[in-house]
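Student: Our numbering numbers the first residue of the sequence shown as -2 and each following residue consecutively.
Read the hints as simulated data drawn from the structure, not as lab findings. Cβ atoms here follow ideal geometry from the backbone N, Cα and C, with glycine treated the same way. Fair warning: there could be bad hints in the mix.
[Unchecked claim] Pairs of lysine to any residue residues, derived as SDA-like cross-links and limited to a Cα-Cα distance of at most 20 Å, are as follows:
#, residue 1, residue 2
1, Lys100, Leu87
2, Lys100, Arg56
3, Lys100, Leu58
4, Lys100, Arg188
5, Lys171, Leu58
[Claimed, not checked] Here are the simulated distance ranges between beta carbons:
#, residue 1, residue 2, range
6, Thr119, Ala195, 21 to 27 Å
7, Asp31, Ala8, 35 to 41 Å
8, Ala13, Ala240, 17 to 23 Å
9, Gln157, Tyr123, 29 to 35 Å
10, His251, Ala228, 35 to 41 Å
11, Val236, Asp27, 23 to 29 Å
12, Thr119, Ala66, 25 to 31 Å
13, Ala240, Ala43, 22 to 28 Å
14, Leu69, Gln159, 27 to 33 Å
15, Pro49, Pro166, 40 to 46 Å
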Amino acid sequence: MKRPPFALLLAALCLACWPVLRWFVAGTLDGSNDSAGLLAAAAAAAIIVLAPGREAIARPLMLPCVCMAVYLAATACQVPVPARSLILALAITALASSLRLGKRFDMSLFALCILALPFAATLQFYLGYPLRVLAGDLSAFLLRMNGIAVAREGAMLAWQGQLVSIDAPCSGVKMLWSGLLLASALAGAVRLSSLRTAVALVLAIVAIVAANAIRATALFYMEAGIVHLPASAHDAIGVVSFAAATAGILFMTHRMEQRAA
């Protein structure tokens, strides 16, 4: 049987979900978000375009049609467009996976489609404070191991009458997004299975959270006046922490690729 034209079906799928596309463009260009999601979209497109030619699986349109039925039901129930964007991401993943990647569903492609959505401001609002609290707890634990009696108070570290704040830029939301982007893109590039990709994403989250806690710990020494370093060291510590997490993600993906071979 002749393979269905993927480009035509993808265009029809996006046209049917035009409110989501309009929201995507507006959200990407909105100043409260950033355009970094376009990197994830480009990575997803690269995985689809550069995939070696494979035969479409049996009943390739089954899952995309189910997704569209769910989308239509969500539209009829007046589900907000941002929530419907997740359904479209699922539909695009199912369509590309079955027609281009030779599998029913590719987890790395789905992760990249999710990361492409303009949710930066939303993630910062909902995850910013919890991640700051988590970084504070881990940082206090590390500092107490080093003999410094630190207690976490909200999103701050208390020590000898001082309060050292873990501010919003240090929440690690952007670092977490970047780490997941790297893990998803690498998993797609080396063709990891969906199960291994899910494990890689979980390990990437652990690596990023740990790196952010170490960054908060190192910055505490500066902000509390225990160690005197130039102001430029603040950014340098963040870069080194993220580089360490990146190295861990690269090593982890490489090991998974070897085991899958």
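Student: Does Leu58 sit within 20 Å of Lys171, going by the straight-line distance between their CA atoms?
Tutor: violated (35 Å)
Student: Could you say whether the range 25 to 31 Å given as a hint is met by the Cβ separation of Thr119 and Ala66?
Tutor: holds (26 Å)
Student: Hint says 21 to 27 Å; check whether the CB-CB distance for Thr119 and Ala195 agrees.
Tutor: Taking Cβ atoms as reference, Thr119 and Ala195 lie about 23 Å apart, which means the hint holds.
Student: So the hint says 29 to 35 Å: do the beta-carbon atoms of Gln157 and Tyr123 match that?
Tutor: Check passed, 33 Å falls within 29 to 35 Å.
Student: Does the beta carbon distance between Val236 and Asp27 stay inside 23 to 29 Å, or does it fall outside?
Tutor: holds (27 Å)
Student: With the threshold set at 20 Å, check whether the alpha-carbon distance from Lys100 to Leu58 stays at or below it.
Tutor: Distance of about 12 Å is within 20 Å: holds.
Student: Regarding His251 and Ala228, is the given constraint of 35 to 41 Å on their beta-carbon distance met?
Tutor: The hint (35 to 41 Å, Cβ to Cβ) holds, given that His251 and Ala228 are roughly 36 Å apart.
Student: Hey, Lys100 versus Leu87, does the alpha-carbon distance stay inside 20 Å?
Tutor: Satisfied, since the Cα-Cα distance of roughly 14 Å is no more than 20 Å.
Student: Is the hinted range of 27 to 33 Å satisfied by the C-beta distance from Leu69 to Gln159?
Tutor: violated (57 Å)
Student: Look at the Cβ atoms of Asp31 and Ala8 and judge whether their distance stays inside 35 to 41 Å.
Tutor: 27 Å Cβ-Cβ, so the 35 to 41 Å window is violated.
Student: Note whether the CB distance of Pro49 and Pro166 lies within 40 to 46 Å or breaks it.
Tutor: holds (41 Å)
Student: So does Ala240 sit 22 to 28 Å from Ala43, Cβ to Cβ?
Tutor: Holds, at about 23 Å.
Of the numbered hints listed earlier, those contradicted by the structure are 5, 7, 8 and 14.
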